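With chain A fixed as given, assemble chain B with the ligands onto it according to the hints.
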Amino acid sequence: MSQNKRAASQNRRSQVVLDEDDEGSLTQPSVSQVHKARENFTPVQVDRKVAEVVQFILIKDQKKVPVRRADIVKHVIKEYRILYQDIMKRADRTFEQVFGLKLVEIDSKNHVYILTNRLEQSRDEPNGMCPGNTKTGLLFVILSVIFMKGGSVKETLVWNTLKKLRVDAGEKHEEFGDVKKLITDEFVRQKYLEYVRIPHTEPLEYEFRWGQRAVSEVSKLKMLQFIAELHDQEPQSWTLQYREATSTENNLR
Amino acid sequence: MSRPMGDSHKRFLQTMMRNGIISSVQAKALYRHCCETHGAHYLPDKLEEFIDVINTTLQPMFMHIRKGSSEEDGAQHYALVNMAETDITRMSSDYADNELELFRKTMDMILDTENGIVSSTDLLNCADRLQTKKMKKKETEHVLNKFVQDKWLNEKQGEYTLSTRCIIEMEQYIRKVYQDLIRLCYVCHNIVLQGQICENPDCGIKMHYYCVARYFKGRIDPHCPSCSIFWAHEIPEIQSEPQSQSSSARETATPAPSTSTTRRSRRL
Ligand SMILES: [Zn+2]
Ligand SMILES: [Zn+2]
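If you read the sequences in order, they're chains A and B. 253 is the number that UniProt numbering gives the last residue of the first sequence; the numbers go up by one with no jumps. 268 is the number that UniProt numbering gives the last residue of the second sequence; the numbers go up by one with no jumps.
The following block holds chain A by itself, in its conformation from the complex (with noise of 0.2 angstroms):
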């Protein structure tokens, strides 16, 4: 888990390097090239593309789905693509100042970004607004048991402990219909867990771990005072977390 966090850090904090890719033309441009392209656009038409951005990326976001630069190049940014870099930092500025929202890049091979939020989440959102809440708190229910157990736990595990507070991966649940479907799939594609093979198990084995948006979303050390509180005691208690999420903590801020 900690191999795993160390890469995803430094993943967060790569440079978007404009490097030849399947995009071909994207190579990383001139400074004169780049001065060159601000003056044969108008501020009127960046200021557009900004836009433009901004809603294609929030539109992907509504179903949690990981952005492509390439996609984005293809679809919104087109000739403008020697502007990319400064398109997206404004696109990202935006992102903070406006929505409270921030631009996170999941796979700097490939250039993939998520929108993870800046804002906290709050738990007493007023008279149902906050749709997808229950699936927020199944959720949270998962991330806490990996983090208390390390960082990785076999998925067995996990659906003992769901079990017992009668959610059945097994069935159809009234609420999240089909709770293995939700989380597998759905959870893992919006980048809040990783469902992998465990190598060498036979019978097959998976086990979860926390996926990128988890890592950037949701602090570790809320999660434990929140445990902590459950349990009456306090969250330094449990020595390990309590390093881990200190640490993370300021990482993210």
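Zero decoy hints are in this set.
Some chain B residues close to chain A (C-beta under 8 angstroms, calculated; not the full set):
(1) 13
(2) 58
(3) 84
(4) 93
In short, the hints are calculated from the structure, not lab data. The structure displayed is predicted, hence computed values, not measured ones. Even glycine gets a Cβ: it sits at the ideal position worked out from N, Cα and C.
Just chain B with the ligands, lined up with the frame of chain A:
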């Protein structure tokens, strides 16, 4: 950007994005919640100013939080509107081509009625004749259900109407595409789909049910405000004050009565 957005504004906007539309009762509660969560100064009657700050910042993004009324009872709502695309291409990322065609057809049919209502039977027939790809009964029902869940249509006992969200979001589009069909309410001057029409063929003004109810409140002998002919429809009751009811209850409340008595063939 005149005043910068605080976290309270951002949280409000995020909830608007998740919901698409909220009632003004919900908006007030949410405004308070957002201020309290982020320690911002909360002034009970400053919701409009609070939303103005968000709207000013949203302007370059071609988005806007717009206010509108429910056709059912006149209750005020706020919807997050995309100004860049005012037609139904806004829905294109959520629906397949034949589903979008069905929605277009549904709007066509609703706009072409006098009372803004279309029956599921008519819609099922229509789905059978789609050009993009025909839909079977079951599939059509599923898609219509999706439109209702995503708050584009309302459904009551097999009858469909355009939702408040749909009317607020697509107002520009409706005004443009259905220029010759839309009617404006004589009282509130907004688009009116569900309402009553003056019996006098030379007059024919139209009013929302709730505007009729408010306009004729307490009058024993109602006359058309335009041509003064006797108002031959049943006057709907005024529904209880929006504040005293939760929005979800209002959303499902039965509409003002007398829709069936006013249905007639379309006058040209
Ligand atoms: Zn009216
Ligand atoms: Zn009249």
